[in-house]
Amino acid sequence: DAGITQSPRHKVTETGTPVTLRCHQTENHRYMYWYRQDPGHGLRLIHYSYGVKDTDKGEVSDGYSVSRSKTEDFLLTLESATSSQTSVYFCAISAGRRDTEAFFGQGTRLTVV
Amino acid sequence: GQSLEQPSEVTAVEGAIVQINCTYQTSGFYGLSWYQQHDGGAPTFLSYNALDGLEETGRFSSFLSRSDSYGYLLLQELQMKDSASYFCAVRAEAAGNKLTFGGGTRVLVKP
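Line by line, the protein sequences are chains S and H. Each residue of the first sequence is one higher than the one before, starting from 6 at the first, in my numbering. Each residue of the second sequence is one higher than the one before, starting from 35 at the first, in my numbering.
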């Protein structure tokens, strides 16, 4: 157990509203990631962080922003939610050899109506 | 950038052996890792190959050949509980150290 907690676990929101998802870790890992998972698309990287206030974009970053003001928390914000952002969102940390072993949170199922 | 290709689906019977291939286009990566995900769950780490060759962990083995830009996950003595999706992944310094996943292979085990 890598001590990763996502909140909320489920959320329904309306189109055009901002939404923030939280990822909390308890073991001081440097790297944290946000992925979205949709049928037929596997795990697609949205944003990732390599330290406090150090973040970078992934392959599907449009419409999303992130913040990491503390080592333990990595926030994902949908600035103005759209139906195309309905998805399951996973937070992960990487550890182990060369930080290649990823451990995931339980996921957040977000529905935008 | 990085890209990893996997077959989308494999079907096999209990007790059989399944090989899931992963071909990649990336350079300077640290190694190839594999993950399992059951329906409705989160991905879980299975194995990691830093060097070329075979790594064995119980019924599962993973292989890497950097010269061929290729790796595979071998599932032996298949059990019903092995029905899941399997993902390969790489992390490369040249790509900003982000962890990139393949599209996943859905394995269906039949009685």
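Derived by calculation from the structure, the hints in this document are not laboratory data. All of these numbers come straight from a predicted model, not from anything done at the bench. All C-beta atoms, glycine included, are put in the ideal place defined by N, C-alpha and C. It is possible that some hints are incorrect.
As the list claims (entries may be wrong) - Cβ-Cβ distance ranges computed for the label pairs, FRET-style:
hint	chain 1	residue 1	chain 2	residue 2	range
1	S	Asp67	H	Gln110	22 to 32 Å
2	S	Asp59	H	Pro145	26 to 36 Å
3	S	Asn33	H	Ser103	32 to 42 Å
Claimed, not checked - Covered stretches of chain S (in silico footprint by chain H; criterion: 3 or more residues with CB under 8 Å from a CB of chain H, positions within the stretch not fixed):
hint	region
4	54–63
5	93–105
6	110–118
Now for the hints, and whether the structure bears them out:
1. Look at S:Asp67 against H:Gln110: about 42 Å separates their beta carbons, and that is not inside 22 to 32 Å.
2. Distance hint for S:Asp59 and H:Pro145: a CB-CB separation of about 50 Å, inconsistent with the stated range 26 to 36 Å.
3. With their beta carbons about 34 Å apart, S:Asn33 and H:Ser103 fall inside the hinted range of 32 to 42 Å.
4. Counting residues of the region 54–63 of chain S whose beta carbon lies closer than 8 Å to any beta carbon of chain H gives 3, which reaches the threshold of three, so the coverage claim holds.
5. Counting residues of the region 93–105 of chain S whose CB lies closer than 8 Å to any CB of chain H gives 8, which reaches the minimum of 3, so the coverage claim holds.
6. Closer than 8 Å: that is the beta-carbon criterion, and the region 110–118 of chain S has 3 residues meeting it against chain H, so the requirement of 3 holds.
Checked against the numbered hints given earlier, this structure breaks hints 1, 2; the rest are met.
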